[in-house]
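The sequence shown begins at 1 in full-length UniProt numbering and counts up one residue at a time.
What the hints contain is simulated information worked out from the structure, not anything from laboratory work. Some clues are possibly wrong.
Label-pair ranges, simulated between beta-carbon atoms [as the list claims (entries may be wrong)]:
id: 1; residue 1: T115; residue 2: V32; range: 19 to 29 Å
id: 2; residue 1: Q105; residue 2: E67; range: 34 to 44 Å
id: 3; residue 1: L75; residue 2: N24; range: 33 to 43 Å
id: 4; residue 1: V5; residue 2: Y117; range: 20 to 30 Å
id: 5; residue 1: E99; residue 2: A35; range: 34 to 44 Å
id: 6; residue 1: E94; residue 2: G36; range: 27 to 37 Å
id: 7; residue 1: E68; residue 2: D106; range: 28 to 38 Å
id: 8; residue 1: E94; residue 2: R71; range: 26 to 36 Å
id: 9; residue 1: Q105; residue 2: G48; range: 20 to 30 Å
id: 10; residue 1: T21; residue 2: E67; range: 16 to 26 Å
id: 11; residue 1: L55; residue 2: N24; range: 23 to 33 Å
Restricting the straight-line Cα-Cα distance to at most 25 Å, the calculated cross-link-like pairs of lysine to any residue (SDA-like) are [as the list claims (entries may be wrong)]:
id: 12; residue 1: K54; residue 2: E78
id: 13; residue 1: K3; residue 2: Q62
id: 14; residue 1: K102; residue 2: P116
id: 15; residue 1: K51; residue 2: E67
id: 16; residue 1: K51; residue 2: E94
id: 17; residue 1: K3; residue 2: A35
id: 18; residue 1: K54; residue 2: K90
id: 19; residue 1: K102; residue 2: V9
id: 20; residue 1: K119; residue 2: E29
id: 21; residue 1: K90; residue 2: Y7
id: 22; residue 1: K120; residue 2: V9
id: 23; residue 1: K119; residue 2: A35
id: 24; residue 1: K120; residue 2: G23
Every residue, glycine too, gets a C-beta built ideally from N, C-alpha and C.
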Amino acid sequence: MNKSVTYHVLHQGRAEYTLITPGNPPTIEKTVIGAGPGETRQLLVGTGVWKMSKLLPEDVGQAQTEEEKRRLGCLITEVVVPGFHWEDHKFLTEGGLRELVKGFQDEERLIAELTPYLKKV
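Take the sequences, apply the hints, and build the full model.
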């Protein structure tokens with residue numbers, strides 16, 4: 001999570017973003033940054049929003065040769081306004097995730113899905 005607004009601008013590839021806005025219940029959005037139909041080339045993430053990104057499973061599955069696997073990826077630029085400072089950034093931990101989604105419908109499924117991407121403490 002950043003205290004500043006972050007613009008994500010696509011250069012090439014595709015990635016799925018999961019955005020979690022705290023609240024009761026939290027708002028959870030998934031969007032694909034890419035150049036295809038229904039995808040976006042720019043993504044604005046507001047302040048106080050937890051985010052993660054990953055390559056899409058279908059893209060990973062289609063990469064058969066070593067060359068295709070080597071070329072697989074997503075290149076973006078992040079522009080942080082007014083600027084990035086490490087003290088304004090936090091990584092989500094398992095305890096933080098559990099607190100964030102407490103009482104959420106499908107709470108355990110969501111925790112299982114996101115746990116591999118959390119900061120280990």
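Cross-check of the supplied hints:
For the pair T115 and V32, the supplied restraint of 19 to 29 Å holds, since their beta-carbon distance comes to about 22 Å. Between Q105 and E67 the Cβ separation comes to about 43 Å, which falls inside the hinted range of 34 to 44 Å. For the hinted restraint 33 to 43 Å between L75 and N24, the CB-CB distance of approximately 36 Å keeps it satisfied. Remark: the range hint 20 to 30 Å for V5 to Y117 is upheld by a beta-carbon distance near 22 Å.
For the pair E99 and A35, the beta carbons lie near 37 Å from each other, so the given range of 34 to 44 Å is met. Judged by the Cβ atoms, the range 27 to 37 Å given for E94 and G36 holds: they are separated by roughly 33 Å. The hint said 28 to 38 Å for the Cβ distance between E68 and D106, and at roughly 34 Å that hint holds. The beta-carbon spacing between E94 and R71, approximately 33 Å, falls within the hinted interval of 26 to 36 Å.
For the hinted restraint 20 to 30 Å between Q105 and G48, the CB-CB distance of approximately 22 Å keeps it satisfied. Under the hint 16 to 26 Å, the C-beta atoms of T21 and E67, about 39 Å apart, miss the expected range. Remark: the range hint 23 to 33 Å for L55 to N24 is upheld by a beta-carbon distance near 32 Å. In summary, the hint linking K54 to E78 is supported, as the alpha carbons are separated by about 15 Å, within the 25 Å threshold.
Among the hinted pairs, K3 with Q62 is inconsistent with the structure: their alpha-carbon atoms are about 37 Å apart, more than 25 Å. For the hint pairing K102 with P116, the CA-to-CA distance comes to about 18 Å; that is within 25 Å, so the pair holds. Among the hinted pairs, K51 with E67 is inconsistent with the structure: their alpha-carbon atoms are about 30 Å apart, more than 25 Å. Using a Cα cut-off of 25 Å, the hinted pair K51 and E94 holds, with the two alpha carbons roughly 14 Å apart.
Note on K3 and A35: the hinted pairing is violated, with a Cα-Cα distance of about 28 Å set against a maximum of 25 Å. Note on K54 and K90: the hinted pairing holds, with a Cα-Cα distance of about 18 Å set against a maximum of 25 Å. For the given pair, K102 sits about 32 Å from V9 by alpha-carbon distance, which is inconsistent with the 25 Å threshold. For the given pair, K119 sits about 20 Å from E29 by alpha-carbon distance, which is consistent with the 25 Å threshold.
Between the alpha carbons of K90 and Y7 the distance comes to roughly 17 Å, so the proposed pair stays at or under 25 Å and holds. Only pairs whose Cα atoms come within 25 Å are accepted, and K120 paired with V9 is rejected, the gap being roughly 28 Å. The suggested pairing of K119 with A35 is violated, with an alpha-carbon distance near 30 Å, which exceeds 25 Å. At most 25 Å may separate the alpha-carbon atoms for a hinted pair to count; K120 and G23 meet this at roughly 24 Å.
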